[in-house]
Amino acid sequence: MIAWTLFYNPIPFRSDSTLWLLLPLCAMVAAVYKTVRTHNVRRLPVEILVLVGYMAGGLVVLGGALWLIQAYWP
Amino acid sequence: MTGNAVSAKLPAPRMSKATGKSRAMPLVALILAWLVPGAGHAYIGRIARGIVIFVAIAATFWAGVAMGGVMTVDYHGERWWFIAQMCSGVHGLVSWHRQQTVYDRLTEDLRVVDPDTARSSEVSYQQMLIDQKLARDKLVLVAPADTVARAYAGVAGLLNLMCIFDAVILAILGVSGEPQRQPEQEVRLPQNPP
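Protein chains in written order, with the numbering used here: chain D, 896 to 969; chain H, 48 to 241.
If you are wondering where the hints come from, they were derived from the structure by calculation, not from laboratory data. In this text the structure is predicted, and so the values were computed from the model without any measurement. There may be inaccurate statements among the hints.
[Said to hold, decoys possible] A few chain H positions that, by computed beta-carbon distances, are all more than 12 Å from chain D:
1) Val-75
2) Leu-77
3) Leu-140
4) Gln-147
5) Glu-155
6) Tyr-172
7) Ile-177
[As the list claims (entries may be wrong)] Calculated pairs, SDA-like style, for lysine to any residue (alpha carbon to alpha carbon, straight line, at most 25 Å):
8) Lys-180/H - Ala-898/D
9) Lys-185/H - Ser-910/D
10) Lys-185/H - Arg-145/H
[What the hints assert, rightly or not] Residues from chain D shown here face chain H by an in silico Cβ test under 10 Å; the list is partial:
11) Asn-904
12) Leu-920
13) Ala-922
14) Val-924
No residue lacks a Cβ here, since even glycine has one placed at the ideal position from N, Cα and C.
Turn these sequences into a full structure, and let the hints guide you.
See the structure below:
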């Protein structure tokens with residue numbers, strides 16, 4: 896029996912839960928992008944939250960539009 | 048309104064701190080920014096941003112490696128992801144070294160063939176043996192974990208690529224330190240322009 900080790904063996908995933916992993920990735924992309932772009936570092940947390948909101952909202956809208964297309968396309 | 052002029056408050060232009068004598072060198076910024084994510088920004092005086100960049104990129108990269116295991120960085124199987132992952136500097140190099148150590152251990156008793164010169168059947172057979180050993184050690188990276196893990200590590204590298212460009216361009220422009228917003232200046236505008 897081989898022991899499971901973090902950072903060595905892959906974590907077993909369920910396919911239906913992987914979509915949620917987009918959110919932390921969006922948060923990290925927003926954090927780095929806003930860190931590079933912002934003029935005022937003190938406003939960084941607010942700007943990151945706003946950008947994460949935009950990204951998540953955009954993904955929801957895009958997902959909804961694609962679902963509508965595949966569900967009702969003749 | 049009083050007098051012949053109207054007072055209006057206009058924001059002052061954004062200025063950077065004076066560069067002085069210690070102007071950042073773009074090549075040093077490039078190497079530092081690649082090797083340690085965020086170090087390029089720290090080098091040009093933006094230490095807080097450098098810390099945020101380092102933490103965010105390290106967290107993203109190692110989250111990917113935690114999900115995908117040691118084979119997330121795979122030079123032999125995923126060349127395009129590998130190139131993106133190597134943009135994350137020391138994180139990518141450490142992961143590549145770990146992956147290469149495992150790969151060497153798995154192939155130490157195999158007669159390794161060169162994929163460019165060997166017959167396709169020999170390459171396929173060797174790959175099959177390696178896959179069997181990976182499965183025996185529970186190291187095989189299968190869907191959907193492979194996509195998620197490699198995307199996390201690859202995106203971390205691509206984010207660092209953006210930070211490298213930013214640090215180098217700021218160094219070329221001679222910017223040093225955080226941009227400073229000067230206090231609002233009072234500008235007097237003429238009341239009756241001709």
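Item checked: Beyond 12 Å from each Cβ of chain D, as asserted for Gln-147/H -> holds, 14 Å
Check: Taking the closest pair, is the beta carbon of Leu-77/H still more than 12 Å from chain D?
Finding: holds, 15 Å
Margin query: Hint check: Lys-180/H vs Ala-898/D, CA-CA at most 25 Å. Holds or violated?
Written below: holds, 16 Å
Note to self: Please check whether the beta-carbon of Ile-177/H is more than 12 Å away from every beta-carbon in chain D.
What the structure shows: holds, 16 Å
Item checked: Closest CB of chain D to the CB of Glu-155/H still more than 12 Å away -> holds, 18 Å
Item checked: Interface exclusion of Val-75/H relative to chain D, criterion Cβ beyond 12 Å -> Answer for Val-75/H: holds, closest chain D Cβ roughly 19 Å.
Next item on the list: Using 10 Å as the Cβ threshold, decide whether Val-924/D counts as touching chain H.
Entry: Status holds, d = 7 Å.
Next item on the list: Evaluate the condition: distance from the CB of Tyr-172/H to the nearest CB of chain D exceeds 12 Å.
Entry: Check passes; 25 Å lies beyond 12 Å.
Next item on the list: Over 12 Å to the closest beta carbon of chain D is the bar; see if Leu-140/H clears it.
Entry: holds, 15 Å
Note to self: Just to be careful: measuring from the Cβ of Leu-920/D to every Cβ in chain H, is the smallest value less than 10 Å?
What the structure shows: Since the shortest Cβ distance to chain H is 6 Å, the answer is holds.
Next item on the list: Return the status of the interface hint for Asn-904/D: holds when the least beta-carbon distance to chain H is below 10 Å, violated otherwise.
Entry: holds, 5 Å
Next item on the list: Could you grab the alpha-carbon distance between Lys-185/H and Arg-145/H and see if it respects the 25 Å cut-off?
Entry: holds, 16 Å
Of the hints listed earlier, there is not a single one the structure fails to meet.
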